[in-house]
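> As a plain string of letters, each chain reads:
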Amino acid sequence: MILLGLLIVPLASGPLAFLLRKRRMMEAVNVTAFAILLGLAAVLVAQVLRRGPVSVLNGFFYADALSGLVVLLSAFAALACSVYAVGYFRHEERSGVLQEAEKTGGRFAIGKLREYYTLMPLLVFAMILVVLANNLGILWVAVEGTTLASVFLVMFYGRETSLEAAWKYAIIGGVGLSLALFGTILVYYSAYGALGTDTLAGLNWSVLAGKAAQFDKPTMRLAFILILLGYGTKAGIAPMHTWKPDAYSEAPIPGAAMLATGVLNCALYGLVRFYILSSKCLGAQFGSHLLILFGLLSIGVAVPFILVQKNFRRLLAYSSIDHSGIMVLALGFGGPLGMLGMLLHMTFHSITKPLLFFCAGNVQQELKTDLFRKTKGGLIHSMPLTGAAFLMVTLAVTGSPPFSFFQSEFTILRAGFSAGYFALAVIFTGFLVTIFSGFLVHIANLVLGEDPGLSRTKMCGWKKYSVVVLAAMIVIMGFWIPAPLFRLIQHAADIVMGGP
Amino acid sequence: MSMFPVRAAFELGIAVYLTGACASIASWQKPALARYICCGTALTGASLEALAVVFGILQGSPVHWSVSSGVPLFAYSFSCDALGGFFNLTLAILVIAVAIYSFGYLKEFEGKRNIGVFGFLFHLLLVSLTITFTAANAFLFLIGWEVMALAAYGLVAFYHEQRESRQAGLLYIIMAHADVGCLLLGFAVLIQGSGSAEFASFHAAAAHLSSGRQSAAFVLFFLGFGIKAGVIPFHIWLPAAHPVAPSNISALLSGIVIKTGIYGMARIFLDSLGGVPSWAGLLVLIVGLISAVLGVLYALMEHDLKRLLAYHSIENVGIILMGLGAALIFRVAGHPLLAGVALIAAMFHTLNHAIFKCLLFLGAGSVLHSTGTRNMEEMGGLIRPMPVTAFCFLIGAIAISGLPPLNGFVSEWLTYQSLLAGFGVTGSLTRILFPLAGAMLALTGALAAACFVKAFAITFLALPRGTKASHAHEAPRSMLVGMGILTGACVTLGLGVTWFLPVFNAMTDQLLGQRVVANLITGSGLVLSAGTPRSGTVSTAIIGAGLLILLLPATLLVSIGVRRFGRKSGPVWDCGLPGLSEENEYTATAFSKALRMIFSVLYKPRREIQTVFDVSPYFPKEIHFESEIEPTFEKRLYAPLQEFIFRFSTRMRTIQAGSIHAYLAYIFVTLVLLLWFGVRK
Amino acid sequence: MIEVLINSGLQLMLLLLVAPLLSGIIKTLKARLQTRRGPGVLQSYRDIFKLLRKGMVVPETASWIFSAAPYVVFCTATLVGLMIPMTTTHAPLSLFGGVLAVIGLLALGRFFLALGGLDTGSSFGGLGSSREMTISAIAEPAMMLAIFTVALGANSTNLSEMAKIAVTQSWRFLAPSQMLAFAALFIVLIAETGRIPVDNPATHLELTMIHEAMVLEYSGPYLALIEWGSSIKQLVLMTLLVNTFFPFGLSSDWTLRTVGVGLAVYLAKMILLACMVVLVETANAKLRLFRVPELLMVAFILGALALISTFLF
Amino acid sequence: MPFVPNPELGNRIITLMAALVLVLQIAGVGQRWIVSSIRIFAVQSFLLGGIAAVIGYFNQASHIYIAALLTIVLKAGVLPRLLERLVERIGIRREIEPLINVPLSILIAGGLTLLGYVVAESFYHPEETSARAALGHNTLAVAISLFLIGFFVMVNRRKALTQVLGLLSLENGLFLAAISLTYGMPLVVELGIFFDVLVAVMVLGILVFRIREAFDSMDVSKLRKLRE
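Protein chains in written order, with numbering that gives the first Met the number 0: chain A, 0 to 499; chain B, 0 to 680; chain C, 0 to 312; chain D, 0 to 227.
Hint data in this document are derived by calculation from the structure and do not stem from the laboratory.
Computed from a predicted model, the values in this text were never measured in an experiment.
We treat Cβ as the ideally placed atom computed from N, Cα and C, and that holds for glycine.
Just so you know, not all the hints are guaranteed correct.
What the hints assert, rightly or not - Partner residues are not named here, just some residues of chain B that face chain A (Cβ under 8 angstroms, in silico):
{"id": "1", "residue": "Phe138"}
{"id": "2", "residue": "Leu141"}
{"id": "3", "residue": "Ile172"}
{"id": "4", "residue": "Leu183"}
{"id": "5", "residue": "Leu184"}
{"id": "6", "residue": "Ile190"}
{"id": "7", "residue": "Ile644"}
{"id": "8", "residue": "Ser648"}
{"id": "9", "residue": "Met651"}
{"id": "10", "residue": "Thr653"}
{"id": "11", "residue": "Leu670"}
{"id": "12", "residue": "Leu673"}
{"id": "13", "residue": "Gly677"}
Unchecked claim - Now the in silico label distances, taken between C-beta atoms and shown as ranges:
{"id": "14", "chain 1": "A", "residue 1": "Gln213", "chain 2": "B", "residue 2": "Arg6", "range": "40 to 48 angstroms"}
{"id": "15", "chain 1": "D", "residue 1": "Val187", "chain 2": "A", "residue 2": "Lys309", "range": "42 to 50 angstroms"}
{"id": "16", "chain 1": "C", "residue 1": "Asp252", "chain 2": "B", "residue 2": "Pro386", "range": "47 to 55 angstroms"}
{"id": "17", "chain 1": "A", "residue 1": "Ala34", "chain 2": "B", "residue 2": "Gln161", "range": "42 to 50 angstroms"}
{"id": "18", "chain 1": "D", "residue 1": "Ile12", "chain 2": "A", "residue 2": "Pro483", "range": "55 to 63 angstroms"}
{"id": "19", "chain 1": "A", "residue 1": "Gln213", "chain 2": "D", "residue 2": "Tyr64", "range": "27 to 35 angstroms"}
{"id": "20", "chain 1": "A", "residue 1": "Arg50", "chain 2": "D", "residue 2": "Ile65", "range": "31 to 39 angstroms"}
{"id": "21", "chain 1": "B", "residue 1": "Ser599", "chain 2": "A", "residue 2": "Lys309", "range": "41 to 49 angstroms"}
Just chain A, same shape as in the assembly (with noise of 0.2 angstroms):
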């Protein structure tokens, strides 16, 4: 029931959202349908983890742990996103500049309002589908969705550069996603003749997951490669990362942190799931030596553009590669601390990506730049919430105790120590070290300086208190993770694990 609510809840506050005239109650559509879905999702992730697996309409949606926290993440940054969206979008209205995105010449700006109203919970609905789905194929057309939606936001501004972009994703998503669909329906194949079944339960996971043994193993292999190449795209694993750090620039901030948090964690999710069939299938050795490949490359391709970076939106998208690339090296590390050091770097993720997103989009605001060389720095001075969060988020992102990512990468380099890549633990911690450098050294150059003389504006309270509440919540979970929270990365670790 919690299942169906999960999905009727955005799908029902997107056509809702577009039948109304007022600004005000747009926000206050989509503000509280997400409050409802954060509280459903709490609701889901207390059942999951007290009765196990949770399914519906005869497994058409399934549950278990891992769904939950991906459902519960993504609900959270979707009410940060709408919360801070309020404040970005009045904000953009008062400074004009949706109204030239509406190219209708008018003074209001409602139509574009009601675009980014009407898809977010869209795009929020195929985000919660991907993870409720039991069937994979349902899981990649969900996921197709997520793209559709998201095309939208990135040419939300409707600019030269916005189109680029967005026919960049597009296109690469397009690709990338027909991969994804190649795979599954080799692994489709590969469980034919042990399922031998012509059923729609044929792609469900949750049939799948107890006879992958019996999967035929060269087609796995090649199902595996399409999936991770496929999902990667969507993820951002470099060599596919290239749509990236265009989408993220053009989008409107509360979109960008969704597709920075949201859509990856779909993503992986869809990853990982083909990533237990492929282990119980092949053995983890196969798919940990791509997986640790591709996720130190692209660890290892966002070194250079974050530390010659000129434009700060630009400069998110890559450190959001890196940090697909961690996650994904994580996985590749595996065993139990690989897998929970994956997630907690998910869970982590999701929190702190969306105050980055905001600081980055205050800033814009305030300057109307993303270019570095057009800031004269000593933002600190005209705006001392965002100046000290940008910072303070910076340092969290980069994996700087105390702050929460920390304890994710101190577990993943453990993996890596236990799994036996010495060399590339010293490799990835020498690229965690220098994107720190770089990182900082763009933000504080931005941040900290002399008093260029803007004059000091009052921040809207919801822009505000998204900041606040978010900093607060990053500097309390380098020190504390409630435990309910930790049992359930711990029971999803284990799902990644193989376990039931």
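Chain A is fixed; fit chains B, C and D onto it per the hints.
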């Protein structure tokens, strides 16, 4: 007698620090209140910590406890043992002095700088330092370690409006993060061996480490801790970062923050790692030697007072490492007694350096506070307006130059003795190294004395070299009290060393399994001995007393003469020209010129003289003189590295040149390759 | 305790009295070697006595550091003298400070003297201080190496212990390591006492003077203390040299005869060393300042060789 | 007595049609006219629908008929019509020179076909002699080749529209794999995929149209503003 509640006092101290942090930031709009809170809580917290540590050490057995953490993977376990306790004690002493000093020092900030933020970062630094020295768990240790670096970064970049501060802060935090990376890997090796992140588990598990792993761990830890301690060649951040921070912070940075590296080495090399490879001690010794000599040589060329002091920190860390390296060598060679002496030498020098370096930085802070410049060439004659500061600085200068009878001499003496003892107990080739190291230590000491003659004389003596110096005034009383405490500590630790040394018994017992201090004290408790029978002895107390006694006849002689034949004040001999002015005075650059010429191989000095004539070349209108030395490590090591990385990164940008065909091609090629290699039978 | 006090008292007297005499002897010998008449052996006593009876002029620009320096120079030199075995192997304060304390205390004196030189604000003072500190800095390692060679043989840095060991092995000085170390220490002695070819104690030419430049502004009793202190320092260093390497005649007990013989042998050895110093001074010209490091480098190499040869032979 | 279709015959027919599809795909690589490309795609899709129908017929898998019908209606009918209208509205008919010239492109396409066969080879189980296995072996190679060549077209072509066509023909490969390997996916999935493809083409169509409006060109190699 009931036991003193060490844990409670310790935790209360931490709580006070944390409260201080929060209260400071909360009261940022009321500067005066923030100042009171900042200094008051720091003082209270430090006193509590000092109590906890002193009783912890006195009660003998280490206190160990765990706080259940919200992160089930990691435990927050603390241990107040002899080694950590000693460093915590050092910290507490410094903090007490600095807190009192800051009370006056921060007054200047009111209305100009945010004291709330300062107090927040300051307390964060104190908490993290305390935790670093008390953590009994790799995870907690790393948290303390990095928070310390971050807080220090905030304080180094506190004057972030100045480009110099910003750059220095970034350099600092980048190096600090690199060292965290090394430590992370090092701990990962240890944890891999023991299966737990607790320090206590490392020691037992280290016995099963393969020698390759052991060496790898050693190198990683040495890199990590070495960067933090500022050993050459990882020192470049230190002279950049320490001078630009507010002076009370510089004092803590040089006094105790870099000592965390020493602490880490002692903790890991002597305890957690079980045994170190046989070459390890030698490596530490040689690196220490190089740091000591080069550190002081670079210090000599500085005329920025605080940079000069920063370079001396490198030198002194080198001296400490020489002792530590000797301790490692002796331990591997199976001489726990000698190892104990060497360890005490290193640790005592750590404490001493903490005290006199803190004192000197506070003194420099007073001067900066009063004159507004760090450039020694603009100072001079400050001994008249600032007599107390000058006296304190002089005591610090004598102590840091290793001159008897102050504390610097004692620890260097112990270091010499352990180096000499090394000749007798080690194998053929290495034994030569010990006396050579001793000779280099002598060179270091003498150069340090030269450097501090320069620093003190150019700053405080003769005539003011500019208006800034001539309008100087003495620092407020609280600042003087802060310095006075440390001055007293220098003298007390120097003259009363034999009473202080038993503190080290617990530490050598913990790390080496032997209480060695009894061997170090003879002659009815007044004389320090080098540990072995017949070896050298010294008594700073008697030397001090002897100097005082001999002063008597000398004073008598002079005062008789003066009373009978008078004492006049007159102008200085100025070669018959009218009056001596500040332009005639010797400058810091001139003072070090001889050494600059002698060590020109190292310095590669460059100088440029431009003369502007009006009519005749015999009457120059203006002469411009420019002189600089080559910053070898920056220029030859770090700059090329940085350039390489950036050039590489810039070149890498072409892979993201906007062409969707290229992007698709990446995926296509990856697919084809994977199909070819991954699937083919 | 009493014994230490008496011993100290006696050695103190010896120090204070012999030091100016030695300076006088060196001056006279030098004059004779240069076929001059010279001022006479007692001239140094007369100088000190005269200076003590002069009024003094203290520069206006100087602070209390200027006044403190002469005391420190005098006291440290004298205290060091009490740590060194002169006529007996028992130096009175030997237990309270070995060779490291000796070097340290001398450095303390030098530290203050250099400060005193800079305190006046005169360029001469700065020049002298700079040169003095530079030369002593590079002399120090050579000195340490040479002394370590002996100390390692004796297994102690305690001068009395070193002397006692040396007395028992009277022909040890012929060992290559000892000869090399002696040579090294002799060069250091030249440098430390400010003699040609490192410094010229008899000049007031600004280009060449080192020690004299530092004390240029001192007058009256202060100058007396400094001169006296310097001559004590010279005596101490020379004593150190002869008694470490040629410990003949050092009495190891307190009978009148051995002490008497000890004193006589000691004086003879000092005069011999003085002759050596004078020979070197007369036979050489003063080196340019920047050639001095080369000389000291030679000393350092000699010291290092000495060390290596203890290990070889 | 009911007519029992001979699977052997079915396999022959399917293999033949699959080969034809592949030939069309390679022909698409060399094609310069956009409208011709669209028509080639339409014919290809029609053939695929045919293959689906044949498989359905010979294996009595009735739900494949639905897929076959959908393919023929959507991919061979609606989509080409939509694209042709778009071409008319935009008014660009000819593809400019691809990045790699035509002969070399065709050579590469041949190489990719070879790769497809090599990859498919690894799935060949000699011990398994069922008709499905043999069919799978043959058509999988074709499917992989179709996929790779479609991908190559996307890399190679400059026009936005031809990239879309590449993407569509690439998906044809998937379809071939899906029906021939496993006699189709579960129906719900199949429908979902069709729906998605339709929406994707519409989204891409909108994008093509807006790009044409904004840049006055359909040449995607000119979209190079967003770069490092």
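> Given Thr653/B as an interface hint, is the shortest Cβ-Cβ distance to chain A below 8 angstroms?
Hint on Thr653/B: violated, closest Cβ of chain A at ~11 angstroms, above 8 angstroms.
> Does the Cβ distance between Ala34/A and Gln161/B fall inside 42 to 50 angstroms?
holds (46 angstroms)
> In this structure, is the beta-carbon distance linking Ile12/D and Pro483/A contained in 55 to 63 angstroms?
Roughly 59 angstroms apart at Cβ, these two residues keep to the hinted range, so it holds.
> Does the Cβ-Cβ separation between Ser599/B and Lys309/A fall within 41 to 49 angstroms?
Holds, at about 43 angstroms.
> Please verify that hint: Leu141/B, Cβ, nearest Cβ of chain A, below 8 angstroms or not.
The hint holds - Leu141/B has a Cβ within 8 angstroms of chain A, the shortest such distance being about 5 angstroms.
> Is the interface hint satisfied for Gly677/B? The criterion is a beta-carbon contact with chain A at less than 8 angstroms.
With a closest approach of 5 angstroms, the Gly677/B hint holds.
> Checking hints one by one. Is Ile172/B an interface residue toward chain A, by the C-beta closer than 8 angstroms rule?
holds (6 angstroms)
> With a cut-off of 8 angstroms on the beta carbons, see whether Ile190/B makes it to chain A.
holds (6 angstroms)
> Could you tell me whether the CB distance from Asp252/C to Pro386/B stays inside 47 to 55 angstroms?
Since the Cβ atoms of Asp252/C and Pro386/B sit about 52 angstroms apart, the hinted range of 47 to 55 angstroms holds.
> So does Arg50/A sit 31 to 39 angstroms from Ile65/D, Cβ to Cβ?
Holds, since Arg50/A and Ile65/D (Cβ atoms, about 38 angstroms apart) stay within the stated range.
> When the nearest CB of chain A is found for Ser648/B, is that gap smaller than 8 angstroms?
holds (3 angstroms)
> Looking only at beta-carbon atoms, does the pair Gln213/A, Tyr64/D fall within the given range of 27 to 35 angstroms?
holds (30 angstroms)
When held up to the earlier numbered hints, the structure conflicts with 10 and 14 and fits the remainder.
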